[in-house]
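**Student:** Here is how the chains run, residue by residue.
Protein chains: 2
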Amino acid sequence: MEELLRYGERFFDELEIAVYRNREIGVNIELNELSMSAVRERTITIIRGIKNRSLGLAIIDSEDGKRIKEGIERAYRMAKLNSQDKRWKSLPSPGEYRKPRKINEELKDVSPDYFVELAKRGIKLALEKDKNIVVAGGGGGVEWSEERITNSQGVDVIQEGGGAYIYFELIGMKEGKVTPGIFDFDAKLSLDLNVEMAVENAARKVKWAYTVEKSKTEETKVIVEPWALSMLFQYTIFPAFSGERLIKGTTPLASKVGESVASELLTIYDDPLHEMSLNPRIADGEGVPTRKNVLIEKGKFKGFLWDNYWAKIKGTESTGSGIRNPSTGGISIGMHNAVIEKGKKSLEDMIGEIEHGYLVDGFQGAHSSNPDNGNFAVVANPAFIIEDGEIKGSTVFMMSGNVYDLLNQVYEISKEQKAIPFMGTVISPSIAFENVRIAGK
Amino acid sequence: MEELLRYGERFFDELEIAVYRNREIGVNIELNELSMSAVRERTITIIRGIKNRSLGLAIIDSEDGKRIKEGIERAYRMAKLNSQDKRWKSLPSPGEYRKPRKINEELKDVSPDYFVELAKRGIKLALEKDKNIVVAGGGGGVEWSEERITNSQGVDVIQEGGGAYIYFELIGMKEGKVTPGIFDFDAKLSLDLNVEMAVENAARKVKWAYTVEKSKTEETKVIVEPWALSMLFQYTIFPAFSGERLIKGTTPLASKVGESVASELLTIYDDPLHEMSLNPRIADGEGVPTRKNVLIEKGKFKGFLWDNYWAKIKGTESTGSGIRNPSTGGISIGMHNAVIEKGKKSLEDMIGEIEHGYLVDGFQGAHSSNPDNGNFAVVANPAFIIEDGEIKGSTVFMMSGNVYDLLNQVYEISKEQKAIPFMGTVISPSIAFENVRIAGK
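First to last, the protein sequences are chains A and B. The working numbering applies: residue 18 is where the first sequence begins, and numbers increase by one. The working numbering applies: residue 18 is where the second sequence begins, and numbers increase by one.
Among these hints, one or two may not hold up.
[As the list claims (entries may be wrong)] Output of the computed footprint for chain A on chain B, the stretches with three or more beta carbons under 8 Å from beta carbons of chain A: (1) 36-50; (2) 158-166; (3) 446-457.
[Said to hold, decoys possible] Here are the simulated distance ranges between beta carbons: (4) K194(B) x E334(A): 52 to 60 Å; (5) E26(A) x I120(B): 40 to 48 Å; (6) D209(A) x K83(B): 25 to 33 Å; (7) K125(A) x H384(B): 32 to 40 Å; (8) Y114(B) x E192(A): 23 to 31 Å; (9) E163(B) x Q381(A): 47 to 55 Å; (10) E26(A) x E145(B): 52 to 60 Å.
By construction, these hints were calculated from the structure, which means they are not laboratory data. Computed from a predicted structure; not experimentally measured. Cβ atoms here follow ideal geometry from the backbone N, Cα and C, with glycine treated the same way.
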């Protein structure tokens with residue numbers, strides 16, 4: 018790698034070479050049967066060079082030295098055509114990394130047959146549990162990666178890791194009624210996946226979903242479960258933590274550092290080495306050491322996230338929050354492993370204490386939210402009706418408003434957390450909000 | 018390949034081995050600059066085997082004989098766990114292929130540098146045309162593939178092909194106003210891409226978009242341009258042509274063969290070797306010879322599309338409409354190159370003859386349409402206001418209803434067609450509809 022960096026310095030003032038080796042194994046389920054088993058291996062190298070503050074970036078699907086050299090030359094020809102980025106300062110310098118999480122070696126060479134068995138077991142369980150259930154879809158597998166990031170400033174870091182997952186989508190069909198698809202899953206850094214729990218959770222919700230009622234337009238209590246909550250937060254408040262947005266004036270948190278922006282029950286941080294993380298990282302996408310970054314502590318906003326580029330423009334330091342997009346090669350600001358701090362009560366007790374309210378399993382339309390101001394409009398589906406502390410059936414409703422209002426309506430947080438593998442990992446509990454306006458649909 | 022098929026027959030009653038070699042080169046544009054240049058090569062082999070009517074399917078990213086043999090064994094272990102598909106008949110038998118389209122050899126080994134130059138030229142042109150324009154995004158490249166499909170019934174077909182594309186997304190910023198992103202593109206089976214036309218079309222629409230007006234709720238004339246039209250049709254009427262849906266009872270065309278379902282101005286067919294096709298095919302995803310299939314002729318519905326599996330269940334023959342999904346390995350019914358027949362008038366004249374109406378460039382939300390009945394609800398954005406035969410500004414409106422009603426409201430079709438590379442190719446003109454109910458937003 019040293020030799021390739023030296024070769025690149027003939028062309029560029031600064032140069033970064035990042036090599037990503039991936040191995041994915043996966044199986045798919047369709048309509049109660051196994052439909053596919055795949056093994057995929059892939060290596061890509063991303064070359065980012067800067068000459069006179071002009072950027073060149075090349076991607077090749079190889080780590081062969083000759084092809085990397087061609088990539089360097091190609092990136093150079095691009096840089097010559099690009100204009101100067103007057104704000105460019107420099108690539109990151111070396112930093113000190115924490116001790117990586119211990120790697121579970123079995124993830125490296127597990128066969129898809131393992132997941133074929135696991136999926137088959139899940140299908141069997143689901144069909145035994147309720148003869149009206151169809152396992153409409155599902156899948157399981159492992160994603161394993163080794164990466165090495167080097168640059169001409171002296172950064173050279175290697176890290177490996179990966180996780181396993183299994184999920185099921187169940188549909189109930191009874192007396193001419195068809196429930197919506199109900200998902201549940203497990204995801205871990207080991208092969209010890211809880212198929213029983215995933216199937217049981219989904220099957221229980223299918224039972225609830227056979228009874229469908231129209232929802233009213235009202236102000237009520239709503240518990241949002243981990244998957245739905247992380248969808249909503251990923252498209253509303255998480256982007257608002259970005260230092261790039263602070264500089265561009267597109268975050269409502271701009272003047273809020275140190276101020277209360279949420280209920281004091283709420284604490285959110287990025288903790289790349291958290292024990293539940295599905296992808297623990299000691300270095301970010303450009304080799305900067307990661308750290309725990311607290312975003313909201315007991316309702317108070319603590320500060321922004323930075324990558325190397327925007328931090329240097331702002332005159333601050335990177336928080337190790339550069340996330341590499343493997344298809345474009347670009348770096349953007351994000352979280353490695355967002356954690357929403359857990360509370361003290363069980364979800365069961367939270368439901369048990371509600372006289373009238375709703376439990377939301379999924380949100381549709383969260384991606385159309387506006388992180389510039391926090392406005393959202395989503396459809397809660399599937400959602401379940403709570404009456405006198407028990408689930409009485411399923412429904413669908415609209416929920417719209419501003420996420421910062423919602424953050425102040427938190428009144429309880431569950432002690433159970435779940436690792437959600439969606440746009441990075443989110444470790445999320447269920448959160449109960451009060452006085453939520455919902456519109457029947 | 019012969020030897021591998023024989024090896025597979027030790028395990029399976031029937032076996033299919035399909036090898037796909039892909040080469041993609043591409044460049045990306047971000048904010049007036051080139052942001053990435055990539056070369057990606059990839060080979061995948063899909064093994065589909067049937068034992069006692071149980072399916073096994075394995076995917077590997079290699080065409081190495083040893084790994085294919087492992088894949089065969091893996092597929093076999095899966096088949097043993099799956100239940101019998103009592104409807105399974107057999108894999109396709111050999112058929113007679115038409116002469117393939119002549120291949121443009123330059124597409125096979127063009128360098129990304131060619132597209133770097135092309136993209137740079139487009140950016141320069143756009144910025145010269147209007148100093149308020151930003152080239153927000155864009156890209157260009159080539160997708161090249163060679164595939165070989167063989168099965169134990171004697172099918173053995175090789176085909177190659179690929180196409181080139183370039184696109185630009187322009188945004189205008191003037192006096193505090195920001196237009197929506199306006200796309201235009203060119204896509205062809207040669208490197209002869211028309212950058213000037215793409216930039217000019219998009220820049221003209223940006224000019225129109227500086228003036229924004231609220232739209233009314235009214236019944237009016239609406240011209241839908243190719244990209245928007247193909248989005249709407251892909252999610253409403255195209256799925257209704259599927260023989261699988263006929264058998265499952267989820268197409269509103271079930272009892273309509275030979276009947277009028279649209280204006281007699283409308284003719285739609287699948288023509289895999291059409292001169293404008295971006296991916297001409299002599300064989301479908303399971304090696305069945307392709308042919309021209311007429312779906313709607315002068316408003317009359319002519320019949321359904323079939324792949325091997327559903328055709329044999331129905332007791333008819335495959336229309337060569339099996340489309341392979343490379344990520345799941347599965348086959349579903351679809352079109353290779355949908356053609357909406359062109360009309361006689363130029364788009365310019367069509368606009369010129371409208372006293373009051375709209376021109377729609379894009380639809381949002383088309384993917385939520387319901388092909389079971391043809392209902393849709395979309396947002397037309399960007400849309401342009403036509404007054405006295407001229408574009409007077411831009412607007413946004415809602416359009417909802419049933420696509421089969423809309424098909425009867427066609428009153429003119431443009432003589433220009435465009436090749437749209439979206440879920441297969443769609444060759445589409447602009448279509449003018451009358452008495453369309455729209456809702457101001």
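**Student:** Against this structure, judge whether each hint is valid.
**Tutor:** A quick look at each hint next to the structure:
| no. | hint | result |
| --- | --- | --- |
| 1 | 36-50 | holds (count 5) |
| 2 | 158-166 | violated (count 0) |
| 3 | 446-457 | violated (count 0) |
| 4 | K194(B) x E334(A): 52 to 60 Å | violated (37 Å) |
| 5 | E26(A) x I120(B): 40 to 48 Å | holds (41 Å) |
| 6 | D209(A) x K83(B): 25 to 33 Å | holds (31 Å) |
| 7 | K125(A) x H384(B): 32 to 40 Å | holds (38 Å) |
| 8 | Y114(B) x E192(A): 23 to 31 Å | violated (50 Å) |
| 9 | E163(B) x Q381(A): 47 to 55 Å | violated (40 Å) |
| 10 | E26(A) x E145(B): 52 to 60 Å | violated (35 Å) |
Hints 2, 3, 4, 8, 9, 10 from the earlier list are contradicted by this structure; the remaining hints agree with it.
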